[in-house]
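Peer 1: Chain residues, written in single-letter form:
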Amino acid sequence: MTLNSKIPAGPLETKWEKYKSTCKLVNPANKRQLEVIVIGTGLAGASAAASLGEMGYKVKAFCFQDSPRRAHSIAAQGGINAAKNYQNDGDSTYRLFYDTIKGGDYRSREGNVYRLASVSSNIIDQCVAQGVPFAREYGGLLSNRSFGGTQVQRTFYAAGQTGQQLLIGAYQALERQIALGNVKMYSRHEMLEIVMIDGKARGIIARDLVSGKLERHFGHAVLLCSGGYGNVFYLSTNAMGSNVTAIWKAHKQGAYFGNPCYTQIHPTCIPVSGDHQSKLTLMSESLRNDGRIWVPKEKGDTRKPNEIPEEERDYYLERRYPAFGNLVPRDVASRAAKERCDAGYGVGSSKQAVYLDFASAIMRYGKVEAGKKGVENVDDATIKQMGDEVVKEKYGNLFEMYEKITGEDPYKVPMRIYPAVHYTMGGLWVDYELMTNVPGLYSLGEANFSDHGANRLGASALMQGLADGYFVIPYTLGNNLADDIRTKAIPTDHPAFMAAEKEVSDRINRLMNIKGKESVESFHKRLGKIMWDKCGMARNAKGLQEAIEEIKALRKEFWSNVFIPGDINEYNPELDKAGRVADFIELGELMCVDALHRNESCGGHFREEYQTEDGEALRQDDQYMYVAAWEYKGDSNFELHKEELNYEVVHPSQRSYK
Amino acid sequence: MEHYNMNLTLKVWKQKNKNEKGRFETFNVKNISSEMSFLEMFDVLNEQLVAEGKEPIAFDHDCREGICGMCSMYINGRAHGPWHHTTTCQLHMREYKDGDTIVVEPWRANAFPVIKDLVVDRTSFDRIIQAGGYISVNTGNAVDANALPIDKQRADESFAAATCIGCGACVAACPNASAMLFVSAKVSHLALLPQGEPERKMRVVNMIEQMDKEGFGSCTNIGACEAECPKGISLENIARLNREYIGATFSGSAQHE
Chain A
413 MTLNSKIPAG
423 PLETKWEKYK
433 STCKLVNPAN
443 KRQLEVIVIG
453 TGLAGASAAA
463 SLGEMGYKVK
473 AFCFQDSPRR
483 AHSIAAQGGI
493 NAAKNYQNDG
503 DSTYRLFYDT
513 IKGGDYRSRE
523 GNVYRLASVS
533 SNIIDQCVAQ
543 GVPFAREYGG
553 LLSNRSFGGT
563 QVQRTFYAAG
573 QTGQQLLIGA
583 YQALERQIAL
593 GNVKMYSRHE
603 MLEIVMIDGK
613 ARGIIARDLV
623 SGKLERHFGH
633 AVLLCSGGYG
643 NVFYLSTNAM
653 GSNVTAIWKA
663 HKQGAYFGNP
673 CYTQIHPTCI
683 PVSGDHQSKL
693 TLMSESLRND
703 GRIWVPKEKG
713 DTRKPNEIPE
723 EERDYYLERR
733 YPAFGNLVPR
743 DVASRAAKER
753 CDAGYGVGSS
763 KQAVYLDFAS
773 AIMRYGKVEA
783 GKKGVENVDD
793 ATIKQMGDEV
803 VKEKYGNLFE
813 MYEKITGEDP
823 YKVPMRIYPA
833 VHYTMGGLWV
843 DYELMTNVPG
853 LYSLGEANFS
863 DHGANRLGAS
873 ALMQGLADGY
883 FVIPYTLGNN
893 LADDIRTKAI
903 PTDHPAFMAA
913 EKEVSDRINR
923 LMNIKGKESV
933 ESFHKRLGKI
943 MWDKCGMARN
953 AKGLQEAIEE
963 IKALRKEFWS
973 NVFIPGDINE
983 YNPELDKAGR
993 VADFIELGEL
1003 MCVDALHRNE
1013 SCGGHFREEY
1023 QTEDGEALRQ
1033 DDQYMYVAAW
1043 EYKGDSNFEL
1053 HKEELNYEVV
1063 HPSQRSYK
Chain B
9 MEHYNMNLTL
19 KVWKQKNKNE
29 KGRFETFNVK
39 NISSEMSFLE
49 MFDVLNEQLV
59 AEGKEPIAFD
69 HDCREGICGM
79 CSMYINGRAH
89 GPWHHTTTCQ
99 LHMREYKDGD
109 TIVVEPWRAN
119 AFPVIKDLVV
129 DRTSFDRIIQ
139 AGGYISVNTG
149 NAVDANALPI
159 DKQRADESFA
169 AATCIGCGAC
179 VAACPNASAM
189 LFVSAKVSHL
199 ALLPQGEPER
209 KMRVVNMIEQ
219 MDKEGFGSCT
229 NIGACEAECP
239 KGISLENIAR
249 LNREYIGATF
259 SGSAQHE
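Those sequence lines, one after another, are chains A and B.
Under this note's numbering, the residue at position 38 of the first sequence is numbered 450, and the numbers go up by one with no gaps.
Under this note's numbering, the residue at position 26 of the second sequence is numbered 34, and the numbers go up by one with no gaps.
In case anyone wonders, no lab produced these hints; they're calculated from the structure.
All of these numbers come straight from a predicted model, not from anything done at the bench.
Just so you know, even glycine gets a beta-carbon here, dropped at the ideal spot from N, CA and C.
Honestly, I wouldn't trust all of these hints.
[What the hints assert, rightly or not] As a list, the in silico EDC-like pairs of lysine to aspartate or glutamate whose alpha-carbon atoms are at most 16 Å apart:
| no. | chain 1 | residue 1 | chain 2 | residue 2 |
| --- | --- | --- | --- | --- |
| 1 | A | 989 | B | 51 |
| 2 | A | 763 | A | 710 |
| 3 | B | 22 | A | 710 |
| 4 | A | 779 | A | 791 |
[Claimed, not checked] Only part of the chain B face toward chain A is listed, based on derived beta-carbon distances under 8 Å:
| no. | residue |
| --- | --- |
| 5 | 62 |
| 6 | 134 |
| 7 | 143 |
With the rest of the complex left out, here is chain A (with noise of 0.2 Å):
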């Protein structure tokens, strides 16, 4: 199959006008005729069902969590990206455009990117219309902040819960399309299968996670919204359910998977303290802000970090990065602070931690603050006090949970971080609809793979998932389903919808049936560490080679020695864990062999063989400009697949932040 990612024909800058103005569209009294299942309510499902309601479409909409609200998009702390310009220091459409694309290191569309630049604007209108209480200044008019990658300030946020404030109005907007009956939700399910008819998606096979009951749903189209699969390396920052389920089982039925191997490592999170971590904790991008990344310049200092002075201090970011200092794009940070603790300046107990300190900070705020008040002749101590004050009001929701995890005191001490899987660039291959190249199968926010490339700038993530939630999927949805306006209901006792059903029935089964001897939870850790030592911040064929060995054996463990307890038709938290788990030992293995194939560095890609003299991400475009989209071909069995990526507007350079 040749994949076509149906790009609009024309300049870059009227691709989508145009693509609205001719799109076809579904009349009223056919739009409440016309069913879709939405799964997922994080920001791209909720604002995707909460909108598609409100035009009328019949959505039912399934997440695995008790209530929409708590889908892990409420995590998100930093802010949302707009192209608003609101600061007057030279944003535009175009340089939010250029700024994404060069920080996804030349590795994803430009039409994509174009489109998502250029919505980003009507995502913060449509927000504060629904009573998002974004920051503002005295003025009463929204504030912005910086955020890495990017020379501008065009970050919009809310402290350090943007995501959840935003997540709440998609949230709130959905609940108002529930009670109106348009949409239909089904908390604690968990979707199992896709159904296929006559090579369409047709609906899917969902778990009452409560009963434990499989449960059959038409749609006309099923959207995928279901987030991104760090949970692969058992530690990330993700939710504890977060899962690649959904988008595993459409890659089964078809569905290729776009850049697999693309992972996000956030530099800025909370240490491994010990082998009982079930999580990592992220601490925002916005930190580096004002927040300086340091080591002592001594090789295995033990002093603590008040103790080491100004000049024997390393702050290697400002040093490498003059023009970006602490504010480089997050895969650069990420890698930078492994090579300082790779080469033995390393903080903390376990020597995997650099620190990011705020005492500087804290001092200029304060003096800032004396110098508002008019005081004079004030001492260190009372400035320090101001400036804590300001810092708080900045960052205070972010410094507590510090304080909580670790039980430091990040006004007085530096705190300590390190790079931590966060996000995943790869999803689902999709084209200019969102749709995969299954037909009737859509895949929303970070379940795709596209608009980031290899690297996702800060802020981008909330802006993509609503971008294609509130304004991509109404118009490129009814552009398809305009053709299926004939097509009536179809009835859940047809062959497929019962054929997919006993699937599904079989492989509990199984599962259940195994008893062996080893948790679930054993098998995740045993699959994280594989993953993150061989698959991780830096991969090299010969680690790639072993993982995929070690990843097969794995496998057949799991399916011989899993030890799940309880029963299949009860509420059996250890039973979805197992699912999941299973699709994650077969989507690692993917990763493994995406990560292989690209004999390049880009972006949250690091390929040790492929780097510059002085480390830096040394990109194969003449061999690897392209998306690598990988089709299932039974067990272990994936066929490449490739969309060359042309640039049209933009040239491709080495991505330089010096």
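Starting from the known structure of chain A, fit chain B onto it as the hints suggest.
Peer 2: This is chain B only, laid out in the frame that chain A set:
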């Protein structure tokens, strides 16, 4: 900070499903590190139970960073345990010492029926939001975000109310199992913004009506909700809710839809 290990006795509520009667069961856990979170201690216990071929204890959790609102647990008589402004997932074991006994129960309220062990059904909160906890603006209807300046203090107050995570600790902590703090947080969030103005009266009346319908108790100004709220949602919101409700019902313009 000094780290240490401890052995603990846990008395945990076990209940097969909503129809069967529950009871406390006692479990012992060993070598719990003071660096663990409370839920990681439960992970250790559950791994131990699975290793013995037994069913683990069911509990709700997801983000484990204090924001999704999914974790619950009533720990030694307090919603989310002893730490101020902290969800259960952020409570850490350095709070406890070797030999301690910890009693863990689910949220207890008629409007939150038990699903299994420590897991309860909080969909009543979603239904209260459905009754009016939103601003009726369809996608694509919005004017420029800066068209309407909002006083910073008002916006900040609205934000403070909007940080509610919908966990239900306020209900669990209240002797009357009242949901007034939850409802007041949403009513305040929206009433403080000009965008929330058109539906202001209808919203408060409909949300209160739904709250009563769900079987939550009445507010008798005890203040346990504010004391136990992991996000520090203020009682001032309840005062505002009462003013909003009285204003809406006296003016006679509140409608049910």
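Peer 1: Next step is simple, just say for each hint if it's right about the structure.
Peer 2: Do the hints match the structure? See the list:
1. 989(A) with 51(B): holds, 13 Å
2. 763(A) with 710(A): Holds, because 13 Å separates the two Cα atoms, which is no more than 16 Å.
3. 22(B) with 710(A): violated, 54 Å
4. 779(A) with 791(A): Roughly 10 Å between the alpha carbons, so the hint for residue 779(A) and residue 791(A) holds.
5. 62: With a minimum Cβ separation of about 6 Å from chain A (threshold 8 Å), the hint on residue 62(B) holds.
6. 134: holds, 5 Å
7. 143: For residue 143(B), the interface hint holds, since the closest Cβ of chain A sits about 5 Å away, which is under 8 Å.
Of the numbered hints stated above, the single one contradicted by the structure is hint 3.
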